[in-house]
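Enquirer: Once you've looked at the hints, go ahead and assemble the two chains, each given alone in its own frame, into the complex.
Line by line, the protein sequences are chains A and B. For the first sequence, the residue numbers in the working numbering are 1 to 258. For the second sequence, the residue numbers in the working numbering are 1 to 401.
So the derived label-pair ranges between C-beta atoms look like this:
1. B:PHE331 with A:ASP104: 36 to 44 angstroms
2. B:ALA382 with A:GLY79: 29 to 37 angstroms
3. A:GLU88 with B:SER203: 40 to 48 angstroms
4. B:MET323 with A:ASP104: 27 to 35 angstroms
5. A:LYS214 with B:GLY400: 30 to 38 angstroms
6. B:GLY316 with A:GLU135: 43 to 51 angstroms
7. A:SER38 with B:ALA345: 54 to 62 angstroms
8. B:SER23 with A:ASP231: 55 to 63 angstroms
9. B:VAL25 with A:PRO52: 43 to 51 angstroms
10. A:LYS214 with B:GLY220: 23 to 31 angstroms
11. A:SER38 with B:GLY220: 28 to 36 angstroms
12. A:GLN253 with B:GLY316: 41 to 49 angstroms
Treat the hints as calculated values from the structure; they're not laboratory data. Cβ atoms here follow ideal geometry from the backbone N, Cα and C, with glycine treated the same way.
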Amino acid sequence: MDEILRVEGISKTFTLSKKQQKIERTTLRKKVAVDNLSFTANRGEIFGLLGPNGAGKTTTLRILATLIKPDTGDAMLDGYSVVNEEEEVRSRIAFLTSELKLEDFFTPNYLFDFFARLHGVPETEAAERKRVMFERFGIDKFAEVKVQNLSTGMKQKASIVISLAHNPDIIIFDEPTNGLDVLTARTVTDFLAEMRQQGKTIILSTHIFSLVEKLCDRVGIIIDGRLTHCDTLDAIRDGMSLEDRFFEIYKEQKGGEE
Amino acid sequence: MRKRGNVWTIVRKEFARFFGDRSLVFTTVIMPGLLIYIVYSLMGDNIGKSHHDDNEGPTTVYVDNLPESLRGDFDSIPFQLVTKGFNAVALIGDSLADKEKSLIYVNFPPHFDSLIAAYDPMGGEAAPNVKIYHNSNSDNSELAYQAVKTYLEEWENSRNNMFDINAENPDTEETFDMADENDSLGEILGQLFPMLLMILLFSGCMAVAPTSIAGEKERGTIATLLVTPMKRSELAIGKILSLSTFAMLSGLSSFLGIIFSLPRLLHADETGVDIAIPYGVGDYLLILCVLISTVLVLVSCISILSALAKDVKSAGTLVLPLMLVVMFVGFTPMLGGDAPEGVTAYLVPFYNSVQSMASIFSFELKPAAVGITVAANLVYAAISVWVLTRMFNSERIMFGK
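So here's chain B without its partners, still in its complex pose (with noise of 0.2 angstroms):
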């Protein structure tokens, strides 16, 4: 009962540290998720803005000589089309080399129609020459000039063509795509979200672990808590316990601000693509489970790191290692390959919980190893307990000097 007792006594004082300061709750919790969804909102409306100034710009295309063959085409392209009343040579000189401006200017040779009639490729003469002037620092000119081009080689070939490829049926609306769309997005977030989650989680620990721990140490506040009658384990476990809490806050902040401005980030509304459906209840919470058995190894790791040092600043030095192994390993995913079979993988901290995370975001739900995972953090999350216990018994580690 009082083991029970000061876990909770501990658990209440960390709490009681950690929302009475408001600072810090708001750098903690708040900021992250705050600071993530603004930014990745304000990126996605930024690609928006420029998709958008792309497809939707009053781009002019200027046409000399225009053929009579390609008039009705040129009629229906989606960009303002001018055949006369224009000075070419003003066009050139002048208006082209403005990249806010956005247009095109295509010149015909003059009788297009009959020069290519008349044309014989076997002929050595040189062939009838279509000029497109545009400037490549403007997006609108580019796009109207790929799209002009495009079309222009694509008639030049039809004049030979023998055969179409993946032509289009409108009756049927038939696609030969057969990529289903969720799983292009599980993909992507299979890769994604673990790397994210795995940096932010950590960065979460990070901003709480080692004040609570080495700072204690340095403020020497931990040694009137060590001549108390508690148990050093019921230290250890309180203060991972309470730790494990705050980070996994500043995780779900983290989360909730990636999830809540991934629509506009990847232009939901424009694309169709719907980021809530792909995942159900039983997704989000085996997500839980694993990361909050990530969150007990990474506090009981750095609570480990910031024990061994005698100040913040130096337990700030002695994680960065982890730090760097925590990230390279959330980019595995991204390396490619397919998630490992055997159990051996997943019993290898820090990389289960991102293998079982990607084989979740990704659809590829391994039920045994995402098990595995949560009980192999669970066991060293213990273990981690065990060794602190000892480390707070310690006197060389806790007094020396």
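Same shape as in the complex, but just chain A (with noise of 0.2 angstroms):
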């Protein structure tokens, strides 16, 4: 297999602030949010990062698109540091999140064209490639309405289709379906098995069980901050439904607490 990603001993500390201590009921005024992690995932395929709410899933997401930096360790994308190279990692790689938001004044014709220059994507290739994903996502129907008119259904599938202005090789897609409706929910899943058939590689990440077994070739299960587990989806079922067998992971990792 030809391994696109390589994420090496990364690890990123946050300073809490008075707040942040109170939310979290904690005295400590550092938290640990990524622990030495090190995975690896290969061209055309799709790798899940499964873990609870404030696993360290989104800080490991935004330390690959190069919104943060880690503390320690390494991630090579395509053979581009995510420390010293970001902007080699950035123009190859599309990053969605519901953090990530559309302008509201514009409209999706006008913001896929901006990204689009952005990336360095030449004019008439943008517009092909616009006229297709439009299709594909039945955004033409609404291309010219300010995105502080469409719905969240509309807006999400506007941001998957300008993030993918450029066609990157490797999609970062930090929780794909939260809070979408089940058709538009579909239509993403739908779509990013149509990516990896294509070649592209996906790192995802989720706390829906259905989702990974539905999408995943490979999987990490991660928790506090630690990946667990990495693997193939069926090693890591070991025979047991996903859900079964993350919470007994989860049981082995918290000491039999839940």
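Expert: What follows is the structure in structure tokens.
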């Protein structure tokens, strides 16, 4: 298999504010979000990071998307370091998360062109890609409607298409179906499977077992910032349902507590 | 090539955002100039109206026992003169109490000329007393009172007049006030305009910068930009260039509002003051250079403070101290004193712009000082771009909760 992503011992610690300490119900000033995480992903596969809320999934993906830097360790995406070659990494990835928003004032049509220009996509290529993608997601029906007037599902579709304007090889997707209605969620999962068919690599994070079982080739289980298991889906399941296996692992890690 | 391309892409997007929002264009660019023009013109018209009322109103001067020695002079006063056929008691009792009525009542003692001729100041008797009844709440009544009183005082003094002071000679029309009209105007504008321009430019910057930087952070749209391969410096330069343009447009609108309303505010048609002539093209170009460099510094500072803020509201709070500093600095030409001589003063941001503008507006241009100001401002703007770039790179600032 052709390795496209190698994560090597990344760690990230955050300093908590007083307010965050109250929310987290802790007196500690530091919180280890990611602790010495290492894994690899191959070209043309969907790799899922599975874990409970606050396990460090989003922090890991944000490091891979170069939005934040690891305190230690590094990750190589398509041969480029997320620590030292951020612009090269960004030109090869799409990062999708509910945190990233589109400007309300503009239309999907304008924003697609805008982000295609920032990624250096030639105009004719961008126009053709826009036509295909807008048709695939049904965006052509509301291409000239301002984002502020779109429904959540429409916005999510527009976000996905716009983030893929430069046809990246690696798609990093944080909680892909969060907050989506069943129809839009289905469109997204179908699209991710289609992307894999086209040889794209998808790194996604989720806490939804069915999504992992449906889509992922390989899975990493992350609990309290540490990667406890990383293998193929079948190897992880070990003859059980993913949900049962996950809670077994979780109990092992937490020493019996739930 | 890509660097310039991405900066231009950001500038185009910001332009599309700004000019695509008609209400934003109206409130930021059109309304300031329009409001200033309307308010200043109305102020000028009202001052003018009051001025006309005072001088041309049908003020009536009622006079009892007008002495023969003053009859000729009183006939020529610029008021309607009534010397008989009126009820003095009614005048004092009712009419004068009404401030809407423009009148005064002058009461000379009977046989005034004989009385003053016979009056001996050393005799110990009371001097003949002229009574002038007026209403100080009425501008016209007060004006007529002052005019008649002054005239009578001067007439009284002329009885012992030994010499004249600055007596006018109608043949030579010689004047004794040597002040140049432009110098006086320049002094006023040199004090007023820098302050006005700094405040207007600051308002323009405030209208656009926090929304564009802190607003994008608040809405989560800046993170979308930060995951593109664009350099952070390109984002900073693109933002500052486009925001500076909007702030300049807003400042220019306000400036034009002032320029067009100034003749009406100062009653140029009546006073003969020409507002446009005093400054040449060179002056305007120098002012423009100072303004552009100042806007770059202002926008950069507000952008940096906005990047520190988590939302538009907190950006406003962070920018407030800067606003106070800029306003205070804008007032410095009004504090008096000569413009600073040394180079150092023109390296101090905002103060350098205010002093340079003051020197241009007051016809005391110091080219070297203006040059230093513009150069220093451009250096500060470049440093600010570097700082803003670092801030866009800082995960604590951009994504800190």
